[in-house]
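J.: Sequence:
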Amino acid sequence: MINILKITSSSFILLTSLLLIGCEEKEEVKQEATEVKQALTQAWQDAKETGKEFKDESLTELIDETKALGNTLATEGKALSKDLVEQGKEMASDASKGAKKAADELAKKIKEQREVIESAN
Numbered sequence: 001m002i003n004i005l006k007i008t009s010s011s012f013i014l015l016t017s018l019l020l021i022g023c024e025e026k027e028e029v030k031q032e033a034t035e036v037k038q039a040l041t042q043a044w045q046d047a048k049e050t051g052k053e054f055k056d057e058s059l060t061e062l063i064d065e066t067k068a069l070g071n072t073l074a075t076e077g078k079a080l081s082k083d084l085v086e087q088g089k090e091m092a093s094d095a096s097k098g099a100k101k102a103a104d105e106l107a108k109k110i111k112e113q114r115e116v117i118e119s120a121n
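Using this note's numbering, you'd call the opening residue of the sequence shown number 1 and step up by one each time.
Among the hints, a few may not be true.
[To be verified] List time: in silico BS3-like cross-link candidates among lysine-lysine, alpha-carbon distance up to 27 Å: (1) LYS89 / LYS67; (2) LYS78 / LYS67; (3) LYS97 / LYS108; (4) LYS78 / LYS89; (5) LYS52 / LYS37; (6) LYS30 / LYS52; (7) LYS82 / LYS67; (8) LYS97 / LYS109; (9) LYS89 / LYS101; (10) LYS100 / LYS111; (11) LYS111 / LYS89; (12) LYS48 / LYS37; (13) LYS100 / LYS89; (14) LYS101 / LYS111.
[Claimed, not checked] Computed spacing ranges between beta-carbons, pair by pair: (15) LYS78 / LYS109: 42 to 48 Å; (16) THR75 / GLN38: 27 to 33 Å; (17) ALA95 / THR72: 29 to 35 Å; (18) THR72 / LEU106: 47 to 53 Å; (19) GLU61 / ALA39: 51 to 57 Å; (20) LEU69 / ALA39: 40 to 46 Å; (21) LEU73 / ALA33: 36 to 42 Å; (22) LEU69 / LYS101: 44 to 50 Å; (23) ALA74 / ALA103: 51 to 57 Å; (24) VAL85 / LYS109: 48 to 54 Å; (25) THR72 / LYS108: 32 to 38 Å.
These are computed hints drawn from the structure, not numbers from a lab.
For each residue, glycine too, the CB sits at the ideal point set by N, CA and C.
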């Protein structure tokens with residue numbers, strides 16, 4: 001019976017010790033979890049603030065760059081358009097001169113052929 005009491009007492013002391021250790025560990029874990037949560041909350045707030053600052057600055061900068069690029073492209077587009085119109089006019093003029101020359105040569109050949117046919121009759 002004494003052995004049973006010793007085992008029961010030892011078991012009770014062991015269980016109590018484990019329970020106390022578990023409670024202490026629980027409190028430590030709970031404290032660490034709270035600290036981690038606070039650190040994450042602060043990191044999230046910092047990230048949001050940095051994101052807002054970055055967004056505002058970057059967006060304004062991006063808009064300004066886009067406007068400048070649009071103006072540059074518009075200016076270059078106008079110049080390119082003028083160049084293309086001028087080239088088109090030159091090509092049309094050259095084509096017109098070439099067509100007139102070919103038509104004159106064809107008219108001359110037809111006239112010569114008609115004269116040959118008329119003189120043969």
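J.: If a hint holds in the structure, say so; if it doesn't, say that too.
T.: Right, here's what the structure says about each hint:
no.: 1; hint: LYS89 / LYS67; in the structure: 33 Å, violated
no.: 2; hint: LYS78 / LYS67; in the structure: 16 Å, holds
no.: 3; hint: LYS97 / LYS108; in the structure: 16 Å, holds
no.: 4; hint: LYS78 / LYS89; in the structure: 16 Å, holds
no.: 5; hint: LYS52 / LYS37; in the structure: 22 Å, holds
no.: 6; hint: LYS30 / LYS52; in the structure: 33 Å, violated
no.: 7; hint: LYS82 / LYS67; in the structure: 23 Å, holds
no.: 8; hint: LYS97 / LYS109; in the structure: 18 Å, holds
no.: 9; hint: LYS89 / LYS101; in the structure: 18 Å, holds
no.: 10; hint: LYS100 / LYS111; in the structure: 16 Å, holds
no.: 11; hint: LYS111 / LYS89; in the structure: 32 Å, violated
no.: 12; hint: LYS48 / LYS37; in the structure: 16 Å, holds
no.: 13; hint: LYS100 / LYS89; in the structure: 16 Å, holds
no.: 14; hint: LYS101 / LYS111; in the structure: 15 Å, holds
no.: 15; hint: LYS78 / LYS109: 42 to 48 Å; in the structure: 46 Å, holds
no.: 16; hint: THR75 / GLN38: 27 to 33 Å; in the structure: 55 Å, violated
no.: 17; hint: ALA95 / THR72: 29 to 35 Å; in the structure: 34 Å, holds
no.: 18; hint: THR72 / LEU106: 47 to 53 Å; in the structure: 50 Å, holds
no.: 19; hint: GLU61 / ALA39: 51 to 57 Å; in the structure: 32 Å, violated
no.: 20; hint: LEU69 / ALA39: 40 to 46 Å; in the structure: 42 Å, holds
no.: 21; hint: LEU73 / ALA33: 36 to 42 Å; in the structure: 56 Å, violated
no.: 22; hint: LEU69 / LYS101: 44 to 50 Å; in the structure: 47 Å, holds
no.: 23; hint: ALA74 / ALA103: 51 to 57 Å; in the structure: 42 Å, violated
no.: 24; hint: VAL85 / LYS109: 48 to 54 Å; in the structure: 36 Å, violated
no.: 25; hint: THR72 / LYS108: 32 to 38 Å; in the structure: 54 Å, violated
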